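Hey, can you work out the whole structure from these sequences and the hints?
Protein chains in written order, with our numbering: chain A, 1 to 423; chain B, 1 to 423.
Mixed in with the good hints, there may be bad ones.
Straight line, CA to CA, 25 Å or less: simulated SDA-like cross-link-like pairs of lysine to any residue [what the hints assert, rightly or not]: (1) B/Lys-348 - A/Lys-421; (2) B/Lys-143 - A/Lys-143; (3) A/Lys-143 - A/Gly-419; (4) B/Lys-105 - A/His-389; (5) B/Lys-105 - A/Phe-395; (6) B/Lys-278 - B/Leu-84; (7) B/Lys-348 - A/Ile-295; (8) A/Lys-348 - B/Leu-238; (9) B/Lys-348 - A/Thr-91; (10) B/Lys-143 - A/His-389; (11) B/Lys-421 - B/Gly-376; (12) B/Lys-260 - B/Tyr-217; (13) A/Lys-143 - A/Thr-131; (14) A/Lys-348 - B/Ser-230; (15) B/Lys-143 - B/Glu-82; (16) A/Lys-105 - B/Ser-387; (17) B/Lys-143 - A/Asn-391; (18) A/Lys-348 - B/Val-343; (19) A/Lys-348 - B/Lys-348; (20) A/Lys-421 - A/Phe-5; (21) A/Lys-143 - B/Leu-392; (22) A/Lys-369 - A/Gly-186; (23) A/Lys-105 - B/Ala-394; (24) A/Lys-348 - B/Trp-234.
Heads up, incomplete: computed chain B residues facing chain A, CB under 8 Å, no partners named [claimed, not checked]: (25) Ser-73; (26) Tyr-74; (27) Lys-105; (28) Tyr-107; (29) Val-110; (30) Phe-162; (31) Tyr-163; (32) Leu-179; (33) Gln-334; (34) Ala-394; (35) Pro-397; (36) Glu-399; (37) Leu-407.
Residues from chain A that keep clear of chain B, each with C-beta distances beyond 10 Å, as calculated [claimed, not checked]: (38) Glu-35; (39) Glu-184; (40) Arg-303.
The hints are simulated quantities; they were obtained by calculation from the structure and are not laboratory data.
In this text, all values refer to a predicted model and were calculated from it rather than measured experimentally.
Cβ coordinates follow ideal geometry from the N, Cα and C atoms, glycine included.
2 protein chains.
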Amino acid sequence: MSNTFALKGLFIDTPVPGELRCREGFLVCENGTVEGFYDALPERYAAVPVRDCAGKLIIPGMSDLHLHAPQYSYCGTAMDLELLEWLDNYTYPEEARYADIAHAKAYYEVFTRDLLHSATTRAAIFATIHTDATLELMRQLEKAGLGAYVGKLNMDRNCPDFYSEHTPERGEAETRRWLDQCREAGFERVFPILTPRFTPSVTDAYMEKIGGLSREYGAAMQSHLSENLSEIEWVKALCPDAETYADTYARYGLFGGECKTIMAHCIYCPEAEDRMMKEGHVFIAHCPTSNENVIAGVAPAARYLRQGYETGLGSDVAGGHTLDLFAVMAAAVQVSKLRWRYVDQSEKPLTMAEALYMATAGGGRFFGKVGLFEEGYCFDAVVIDDSAHHNLRAFTPAERIERCAYLGGARVTDKYVDGHKIL
Amino acid sequence: MSNTFALKGLFIDTPVPGELRCREGFLVCENGTVEGFYDALPERYAAVPVRDCAGKLIIPGMSDLHLHAPQYSYCGTAMDLELLEWLDNYTYPEEARYADIAHAKAYYEVFTRDLLHSATTRAAIFATIHTDATLELMRQLEKAGLGAYVGKLNMDRNCPDFYSEHTPERGEAETRRWLDQCREAGFERVFPILTPRFTPSVTDAYMEKIGGLSREYGAAMQSHLSENLSEIEWVKALCPDAETYADTYARYGLFGGECKTIMAHCIYCPEAEDRMMKEGHVFIAHCPTSNENVIAGVAPAARYLRQGYETGLGSDVAGGHTLDLFAVMAAAVQVSKLRWRYVDQSEKPLTMAEALYMATAGGGRFFGKVGLFEEGYCFDAVVIDDSAHHNLRAFTPAERIERCAYLGGARVTDKYVDGHKIL
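In structure tokens form, the structure reads like this:
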């Protein structure tokens, strides 16, 4: 029984999208997974350690399906700039600095520390084109006990000379070196994910090689899809023979099915792309804070979720201004209301319970059995102290979750990943 | 020189909308007003106390042009409800509880405490229909040293029987009693403001009496205007002889000019209302967090500001989910981007500098010479510790303001109103 323990308290999760399940009792962890939930602790567990989380909220660890770790350093700045200005003045120069491993180490330490203290336990992360810096980030995340898919970027066109892999051959060789080193490192909870930045940054020749690497290494992939209208036009011009933007990935085996895939944004997907995503079980990373900041528009996330697409949330740091998925949940509800008002009144706005589903069970599915307090699921749990929110009223558990999302300032006091206490 | 002192540090304000002025030096306060700004402290002030705010940001105190104090208790909850459900289940029952003075005292203490710790120094506040509770709130704000206009609500129709003034006569008598007691109280920095909730809640007969009270007492007024399309239709049905929604106030002398006026929202104003607001110097309380939550739409705040309307920000607690005007500034930029995307591409989104202008100089004008660090202005200053935002980079003052808005968590360490240190 040495790998067995229990948490006691108020557990909130979302086995069904749109419905909060709130239970007071005991959640038993056995060998890293949820053994069961009990109103009263069964006699057979009388001797196991019990951590009492009285007065707090316990939710499944959140999964962040899209974020750019090297951009964290300027998170929440330069939001008034146009996209190209932003890329040229902030993104590319900052990402290029990760060629310097000392820089990468120092900056990723701050990122990893802040991610550790957030409600996020699993994340799909864009790094930079640099193998060594990417491995450094993976080591730090592994050491912190967080679960992650991390991608060394692939880029060989439409990027500045000082920040490019230049040719498909050089890019492939470096990506192979990175994948090999990941294997050697033997990480337990951190995995490589192929990361062509987006079609405009990757030649067809390189995309083809990335597809080959995916099959050879059985690697997942992540990228961006149909975020804004001019990007879609650009992709059409760059790949005139592709049927859709999605097809520029799919024709190289990089769009779901065997290749586990996350696509960020998906704001303007035509029906053909929707179909491909549904059939290929492509995960949609809905990034509502980014939708607020980048002027691209608002993704039809409520429809995706309700029609059974694989849908999770992404902070999209630093197009999104915060790592805090609670804030991203509030933004998801808010932008869906504005979408309802201005774009499509046939789809009711997202509710907070749906937002919590996306942040936990929805996104968690990318990482395996993650995001629910059910037997056999990874024991990923986050204990939240929301006492900073003055409590003149007796708030219901649902209202407390809502206040964590809207007010901010809730503190994560304990955090478990696969049953390990990492905070 | 006993009423003279200086702050030393980095001062940021916005004498011109859209431009941040950042100055390192000394701001001298004499008898509650700004005497001047100096790069180096003049010899004649060598003996005055100097407070060094090294490493911090100093901005003018912010002015919140619209908020409902009794709704603070459920701030950040019930955001998934439809408006009518929200009013019936939260707003009216909660506001009705302020008939109990003990309840009002306890709840307003929490509100006043939190307002004191925010960046807000001046506010225009809706209370409830209760004279005694409203006076209690005014006493608390005065004692805290905050500047405010506070309104006992006027409501005699379309409200539940348990929360109504029932007849124009009873309403007028109670409002007169309140105005008289305000005079007797002799508040220094807190003033009454007539507050017909909005036209649907106030009969024409009562509105006429409120107009009379405004002239008799020289009192300002605040209300709501053209927030959503069904509200506008409702007003048309209730007041078929009024030319516009604005006219339902204006025909009783309650729309700018002699009667200093704030109108909250102004999302769907027809040209005629715009003209009336411009001519009457009506203050527009733009409430972007409310725009995000209430599904009404997004006000054309960028146009109002750039065309020279009197424009400030309102937190609109609890339609807005936070008292923090920094968060409201970020929301102002964000919703203006979505408005640009979906409604009107002729008006560029608001910038953060414009948002700071609205939160300080723009809204401050309602309270007098408030919101700038210029000679003769009220010495309202807020000292901000933003060290919680990791500073891997050397951020510019503009970037630091932006991070306060987007990231939250900046701490107000010192606060001055009319030269009094209230925090």
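Which hints from the list above does the structure break, by number from lowest to highest?
-> Of the numbered hints given earlier, those the structure breaks are 1, 2, 6, 8, 15, 19, 27, 30, 31, 32, 34 and 35, listed in rising order.
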